[in-house]
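Peer 1: Single-letter residue listing:
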Amino acid sequence: MSHWTDIKTQIKDLAALAAAVAELGCELNRPNVIGEKVMARGWGGRGRPCDALVRIPGGNYDVALDRQPDGTYSVSADYYDGSIEAKLGQGCKRMTQLYSVHKATAAARMKGYSVLRQQGPNNSINLVVSVP
Amino acid sequence: MNKKQIIVAIAEDGSVRIDAVGFKGTACTRATAEIEKALGVPGKSSGKKPEFYQGQQQAQQH
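Going down the list, the sequences are from chains A and B.
Reading the first sequence from the start, the letters are residues 120 to 251 in the working numbering.
Reading the second sequence from the start, the letters are residues 36 to 97 in the working numbering.
Hints are computed from structural coordinates only; laboratory data are not their basis.
Coverage of chain B stretches by chain A, computed from C-beta distances (three or more under 8 Å per stretch; other residues unrestricted):
hint : region
1    : 42–48
2    : 61–70
Listed below are the simulated SDA-like cross-link pairs for lysine to any residue, each with C-alpha atoms no more than 25 Å apart in a straight line:
hint : chain 1 : residue 1 : chain 2 : residue 2
3    : A       : Lys206    : B       : Ala46
4    : A       : Lys131    : B       : Arg52
5    : A       : Lys127    : B       : Lys72
6    : A       : Lys212    : B       : Glu47
7    : B       : Lys59     : A       : Trp123
8    : A       : Lys127    : B       : Lys39
9    : A       : Lys206    : B       : Glu47
10   : B       : Lys72     : B       : Thr61
11   : A       : Lys131    : B       : Thr64
12   : B       : Lys72     : A       : Arg228
13   : B       : Lys72     : A       : Val194
14   : B       : Lys39     : A       : Ala225
15   : A       : Lys230    : B       : Arg52
16   : A       : Lys212    : B       : Asp54
17   : B       : Lys38     : A       : Trp123
18   : B       : Lys72     : A       : Gly239
19   : A       : Lys230    : A       : Thr191
20   : A       : Lys230    : B       : Pro77
21   : A       : Lys131    : B       : Ala44
22   : A       : Lys127    : B       : Glu47
23   : A       : Lys127    : B       : Thr61
24   : A       : Lys230    : B       : Val56
25   : A       : Lys156    : A       : Ser193
26   : A       : Lys206    : B       : Ala44
27   : B       : Lys72     : A       : Ser249
28   : B       : Lys38     : A       : Gly231
29   : A       : Lys127    : A       : Asn245
30   : B       : Lys72     : A       : Thr191
31   : A       : Lys212    : A       : Tyr199
32   : B       : Lys72     : A       : Asn245
Label-pair restraints from in silico Cβ distances:
hint : chain 1 : residue 1 : chain 2 : residue 2 : range
33   : B       : Lys72     : A       : Pro251    : 14 to 24 Å
34   : B       : Arg65     : A       : Trp162    : 46 to 56 Å
35   : B       : Arg65     : A       : Leu133    : 23 to 33 Å
36   : B       : Thr61     : A       : Trp162    : 48 to 58 Å
37   : B       : Lys38     : A       : Gln187    : 34 to 44 Å
38   : A       : Gly144    : B       : Lys38     : 27 to 37 Å
39   : B       : Lys38     : A       : Pro168    : 45 to 55 Å
40   : B       : Glu69     : A       : Asn242    : 19 to 29 Å
Built from N, CA and C at the ideal position, the CB exists for glycine as well.
Using the sequences and the accompanying hints, generate a full structural model.
Peer 2: Have a look at this one:
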């Protein structure tokens, strides 16, 4: 054993996010043209433009993603009717968890490491990365 | 020979702990750097276990 580090996940990779939300039965929508926006639905039929959105099947509200100057994406949503929380977790934590799974797996595989995914205690997910 | 592994533990709330196991010296830092950078920013704690310093002590002896 040599070192450990705690990381606060930042969403930076929409491809990894698309894989994560697909695993939860949802869809990531992005503009067809770079620089354009998509409209995220909110309460009372109000929509707002954003850089990408997560659509919940059968839901009335979307999760909006806004690109920040540092390249990360902020996440916001109208949690009013509970549909987003039911699929993505409170505060979208399940989405964030699976994003970390997909992003870390991709990063490890890019280096030629093999990755084994395991269910951990208390709804955690462990990735066991073998380094040659 | 110890197996070199990186354990990425992702909690239900999305927080992540990356644990490098079976490495000596600074090889662990190089191995985990890309995964750490891909995920985000280091949180409030990170620590080096005894084996991290093993490589450095051996280097000083030469």
